[in-house]
Structures are given as structure tokens and as C-alpha cells.
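Colleague: Here are the chains, one letter per residue:
Number of protein chains: 2
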Amino acid sequence: MDEKTALTAFTALSNRTRMRMLKSLVQASPHTMSAGDIATAVGATASRASFHLANLAEAGLITSERHSREVLYQVSFDQLTELTRFLLVDCCSGRIDIQNCC
Amino acid sequence: MDEKTALTAFTALSNRTRMRMLKSLVQASPHTMSAGDIATAVGATASRASFHLANLAEAGLITSERHSREVLYQVSFDQLTELTRFLLVDCCSGRIDIQNCC
DNA sequence: CTTTCATTTCAATGATTCTTGAAATATATA
DNA sequence: TATATATTTCAAGAATCATTGAAATGAAAG
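Chains as they are written, first to last, in this note's numbering: chain A, 1 to 102; chain B, 1001 to 1102.
What the hints contain is simulated information worked out from the structure, not anything from laboratory work. Keep in mind that this is a model prediction, so the values were computed, not measured. Backbone N, C-alpha and C fix where the C-beta goes; we use that ideal spot for every residue, glycine too. Any given hint could turn out to be false.
Stated by the list, open to error - Chain A is faced by these chain B residues, among others (derived, beta-carbon under 10 Å):
#, residue
1, 1004
2, 1031
3, 1034
4, 1051
5, 1069
6, 1070
7, 1071
8, 1072
9, 1074
10, 1080
11, 1081
12, 1085
13, 1090
14, 1091
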């Protein structure tokens, strides 16, 4: 993952609504959640939820697929893994002891 | 680490200048860097560097200590470890395979 | 074909963050 | 004490991000 992508991902993670959306999607995984489900879960209006979901998708942290009238979202663990790698390797030069961390 | 602290830390990491400052400090560790050193390393003016260093310090990602005329900064690996733990555990419910990640 | 449901888009506004350069502060040295 | 060095603070403006509600889109059902 390049720096620009990582910065975009960290920006996405720096908002409370988006963080809670992501956590909801992590909890739901491997099941998907509709935009409406997510909006309800985080207490956001439809348009506000759509705005933040678009931001998370732009950052590659979630993916979506339309299924009839609903749009189903799911977390992208691949991108989260890449971001973690960026944090630990690119940013921290491997100096964080993960054993001690988790 | 609570959610609010993590959001503040992710906000700090979401800026290119601050990301590069942090990387410089990681590279330099266990040595410290003065504000001027860091400003030079990332190509920022003194006041811009000071602004971003204050933001990183506010997020707990760096610490500082005045040494005569200079202010010496160093990365806080403890806070970075806590943030990584937040990302992997609180946010991702332990569903990211760190072996596969790094 | 009209209506309903789910979601997104849009424009306006408000809020936050970033940059800039000048001034202020703190410390050391002549 | 005056001067130089290192850093921070401040105010103004620019840029980015977030919220709101209304309108538009897409898809199903009556």
C-alpha cells in the first residue's frame, strides 16, 4: 500500500461515524449489511450514511454490491490487513512488538 | 485505548506531513530529533512543523522535552502499540491475521 | 403506469483543519 | 544588556470535511 492510499484510509478511520460503521461491518462479517442497516446501527440519516459509506468505499475499506433495491456492504479485510502492514512496516519500521501488542 | 483517543490518533496519521514526521522519528529512535531537525526532514517551515508536532503530541504519538534552546521529540512506541491494538482488536475484532499481514 | 421503498446526489451551510508570515517566548552567548 | 538562535503562538485566509433536507435515481410491487 502506498502512502497516499494509507493516508486516505487513516482519514476514513478518523471519523466516529465511519469507525462505528466499520465495526458494525466487522461484527456482521461474513454477512453483509444494507446501507439502511448500517444507517440504523450507527444512528445516521440515509444521506449522511451514504456520504460516509462512500468515503469508506473510496478508501477501499469496504465494498458494495447492489442486490435488488438494497445496496449491500461488507468490510474489506484485505485492505485492513494492508493498512495494518503499512502502520507496522512502512510507518513503524517493524519496531512494534505485535506479540506484546495483541 | 478508548475510541476518542484512537480517532484522534488516526486523525494525526491522516496527514502527509505528520506521517513523514512520525516516520523520521521512528527512523531516528532511540535518538531524539529537534523541532528544527524534523522541520528540515519533512520540508516544512518552523511554524508549520510546530503546528503538526503539537498535533502529534496531542494525539500522544510523540513526546517532547526542552533541552536548552531546542525541543527534542521522540516517537511514543507505547501509543503506537496501543493504536495497533485498537485497530486489530477493538476495530477488527481480532479477525486480521497478523502472521499473514507482516 | 403509478406508487413505494432504498439509496444516492446535490446544493447550501457550518465546522474543522491547514498554511502563511509576523510577533512573541525562551534560552544562550557576546 | 543587547543580540542571535530555536521554537511557539497568533490571526487571517484557504482548503477540506461534515450535516441537512430536498430532489433524483433505481428497482420492485400493486
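Colleague: Would you mind marking each hint as holding or not holding in the structure?
Modeller: So, going through the hints one by one against the coordinates:
1. Against a cut-off of 10 Å between C-beta atoms, the interface hint on residue 1004 of chain B holds, since the closest Cβ of chain A lies about 8 Å away.
2. Using the Cβ-Cβ criterion of 10 Å, the hint placing residue 1031 of chain B at the interface with chain A is not satisfied: the shortest such distance is roughly 13 Å.
3. At a threshold of 10 Å, the smallest CB-CB gap from residue 1034 of chain B to chain A is about 21 Å, leaving the interface hint violated.
4. A hinted interface residue such as residue 1051 of chain B counts as satisfied when its beta carbon comes closer than 10 Å to some beta carbon of chain A; here the least separation is about 17 Å, so the hint is violated.
5. Because the smallest distance between the Cβ of residue 1069 of chain B and any Cβ of chain A comes to about 29 Å, over 10 Å, the interface hint for this residue is violated.
6. A distance limit of 10 Å between C-beta atoms decides the matter here; for residue 1070 of chain B the minimum to chain A is near 24 Å, and the interface restraint is violated.
7. At its closest, the beta carbon of residue 1071 of chain B sits 23 Å from a beta carbon of chain A; the interface hint therefore is violated under the 10 Å criterion.
8. Annotation: interface hint on residue 1072 of chain B violated; nearest CB of chain A at approximately 19 Å, more than 10 Å.
9. Annotation: residue 1074 of chain B was flagged as interfacial toward chain A, and the flag is violated, the nearest CB pair being 12 Å apart, outside 10 Å.
10. At a threshold of 10 Å, the smallest CB-CB gap from residue 1080 of chain B to chain A is about 6 Å, leaving the interface hint in force.
11. Hint status for residue 1081 of chain B relative to chain A: holds, with the closest Cβ pair at about 5 Å, below 10 Å.
12. For residue 1085 of chain B, the suggested interface contact is upheld, since its CB lies about 5 Å from the closest CB of chain A, less than 10 Å.
13. The closest approach between the C-beta of residue 1090 of chain B and any C-beta of chain A is roughly 8 Å, which is under the 10 Å cut-off, so the hint is satisfied.
14. A cut of 10 Å between beta carbons decides the hint on residue 1091 of chain B: the least distance to chain A is about 6 Å, and the hint holds.
When each numbered hint is compared with the structure, violations occur for hints 2, 3, 4, 5, 6, 7, 8 and 9.
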